[in-house]
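Number of protein chains: 2
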Amino acid sequence: MTIEEKIDYRFKKKELLKIALTHSSHSGNSTNNERLEFLGDAVLELIISEYLFLSHKLSEGKMTKIRSNIVCAESLSKAAYELQLGDHIFLGKGEIVTGGRQRKSNLANAFEALIGAVFLDSNFETTRKVVLEILASNIQLALSGALVKDYKTELQEYIQKNNDNVIEYILDRSEGPEHNKTFYINLIFNGDCVSHGIGKSKKEGEQDAAKNYLSKARKI
Amino acid sequence: MTIEEKIDYRFKKKELLKIALTHSSHSGNSTNNERLEFLGDAVLELIISEYLFLSHKLSEGKMTKIRSNIVCAESLSKAAYELQLGDHIFLGKGEIVTGGRQRKSNLANAFEALIGAVFLDSNFETTRKVVLEILASNIQLALSGALVKDYKTELQEYIQKNNDNVIEYILDRSEGPEHNKTFYINLIFNGDCVSHGIGKSKKEGEQDAAKNYLSKARKI
Numbered sequence: 001m002t003i004e005e006k007i008d009y010r011f012k013k014k015e016l017l018k019i020a021l022t023h024s025s026h027s028g029n030s031t032n033n034e035r036l037e038f039l040g041d042a043v044l045e046l047i048i049s050e051y052l053f054l055s056h057k058l059s060e061g062k063m064t065k066i067r068s069n070i071v072c073a074e075s076l077s078k079a080a081y082e083l084q085l086g087d088h089i090f091l092g093k094g095e096i097v098t099g100g101r102q103r104k105s106n107l108a109n110a111f112e113a114l115i116g117a118v119f120l121d122s123n124f125e126t127t128r129k130v131v132l133e134i135l136a137s138n139i140q141l142a143l144s145g146a147l148v149k150d151y152k153t154e155l156q157e158y159i160q161k162n163n164d165n166v167i168e169y170i171l172d173r174s175e176g177p178e179h180n181k182t183f184y185i186n187l188i189f190n191g192d193c194v195s196h197g198i199g200k201s202k203k204e205g206e207q208d209a210a211k212n213y214l215s216k217a218r219k220i
Numbered sequence: 001m002t003i004e005e006k007i008d009y010r011f012k013k014k015e016l017l018k019i020a021l022t023h024s025s026h027s028g029n030s031t032n033n034e035r036l037e038f039l040g041d042a043v044l045e046l047i048i049s050e051y052l053f054l055s056h057k058l059s060e061g062k063m064t065k066i067r068s069n070i071v072c073a074e075s076l077s078k079a080a081y082e083l084q085l086g087d088h089i090f091l092g093k094g095e096i097v098t099g100g101r102q103r104k105s106n107l108a109n110a111f112e113a114l115i116g117a118v119f120l121d122s123n124f125e126t127t128r129k130v131v132l133e134i135l136a137s138n139i140q141l142a143l144s145g146a147l148v149k150d151y152k153t154e155l156q157e158y159i160q161k162n163n164d165n166v167i168e169y170i171l172d173r174s175e176g177p178e179h180n181k182t183f184y185i186n187l188i189f190n191g192d193c194v195s196h197g198i199g200k201s202k203k204e205g206e207q208d209a210a211k212n213y214l215s216k217a218r219k220i
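Line by line, the protein sequences give chains A and B.
Read in order, the letters of the first sequence correspond to residues 1 to 220 in the UniProt record's numbering.
Read in order, the letters of the second sequence correspond to residues 1 to 220 in the UniProt record's numbering.
No lab work stands behind these hints, which were simulated from the structure alone.
There's no promise every hint is true.
[What the hints assert, rightly or not] Just a few of them, taken from the derived set where beta-carbon distance is under 7 angstroms, the chain A residues facing chain B: (1) 39; (2) 60; (3) 81.
[Claimed, not checked] If the Cβ cut is set under 7 angstroms, some of the chain B residues that face chain A in the computed set are: (4) 34; (5) 38; (6) 39; (7) 42; (8) 45; (9) 49; (10) 51; (11) 60; (12) 63; (13) 65; (14) 66; (15) 193; (16) 196.
Every value quoted in this text rests on a predicted model; they were computed, and no experiment measured them.
Heads up, the beta-carbon is just placed ideally off N, CA and C, and yes, glycines get one too.
Isolated chain A (complex conformation) (with noise of 0.2 angstroms):
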C-alpha cells in the first residue's frame, strides 16, 4: 500500500510528497521537509482546536493541555509508525544507520510535513477529514488522559545517542508550607546543571526541567 493509499489522500502536485519525506540529512538538492513541518505544524494545531472546541465542552485550559498531548512527538510518531512512514523517508547515509528510520523526531517531523504537504495540495476542509481519520484514536486517548507527556522519557530518548551521558534529577530546595510546598528541581547533565525546573512535586519539578532543556536544546 502506498503512503497515498493510506492516508486515503491522492496528491495532484507529487512533488509536494516527496518534499514531505525528505529528510534535511539526505544529500542532493532536493528540498527537505523543514519548512512544510512548519506549516503542518500549525495545520495540525487549528483541526485539533477546532475539533475540542466543536465536539466536546472543555475549558480553555483543559483544551490547551489534551491539544499538547495530540499535537505532540509522542503522538505523532506513533501515528507516523502505524502508517509506517519511516519506511518512505528520504535520509541521509549516516542518519540511517543511526536508526534514523525509527527515530521518533524524524517521524514526527515528517507526519506533520505530510500534513503540511496536503494542505497546500488541497484545502482546510480536506486536510481535516484526512487528518481526523488518521489521529482518530490518538485523539480519544489524549481525551481519556492516557497520552500524557513524559518529558523524562523524552529527554532519555533524546541524547540517546550517546551512551555515555548521564541525567540526575536533584532537589534543590523546596519552600513554602507542608500541604502547599514548591520544589525547584536542578537538572545535572554529565556533572553540569544544564536545567531548573520547578513544581507542586518532586516529579513535576522533575518534568518541568526536564521540558526546559529539551526546548532550550531544540533550538541551539
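Assemble the complex: chain A is given as a structure, and chain B must be docked to it using the hints.
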C-alpha cells in the same frame, strides 16, 4: 462604524460576535470569550504560517520567529486598538475602573476570540481574507524586523497592577570562554528568586528569565 463594518465581515450568528467580546469579568450567565480565544489563536497561527510559507522563501526558524512577533499580545492588541475593540468589550465593573478597556491582554484576547468567531461563522478561506486585511501592517512590520518581542516590557506590564512590585535581574554566573560565554540570570520578584534565564548575553538571559516567569505565571 460597527465592528462588523470595520472588519468587513457580517456575522450570520450574531451571538458569536457577542461571546467574542465578553470578558470573563462580565457578570451574568453569558458565555465568556476564553474558548473562542483558544480557537482564534490557532486560526491566526495557521493563517500567518501559510502566508509566510507561500509569500516568502524564509527558513523554518525565521518563520517561527516572525510568526511569534505577529501572533502575540503586543501585535494583536495593536490591531485591536486600531479597531477600537476596547469600546465594545463587555467587562465587569471592577475591570472597567482599573483600565480594562485599555489593557493589552484584554484587547489581544478579544481580538483572537473575534477571529475564532469569524472562523466558526464562516470557513478558513473567508477568515484568511479578513485576517490578512486587518493584520497587513503588522505583518509588514514583523517582516521588516520592527515588531520584536520584548518579554521584559511584557512582564512589567503584566505585574503593573500592583505598583509596589519590584523586579530585578541579577547575574547569577557566567560560564565558558570569553568569546562564547553563557549568562545565567536570576529574576528577583519582591526579593524572591522566581525564575531563571539563560542567554548568550546578559540581555538575552534577562529576556529568557522574564519569558520563563511569564509562562509560569500565566499557567497558574
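Looking back at the numbered hints, which does the structure fail to meet, lowest number first?
3, 10, 13, 14 and 15
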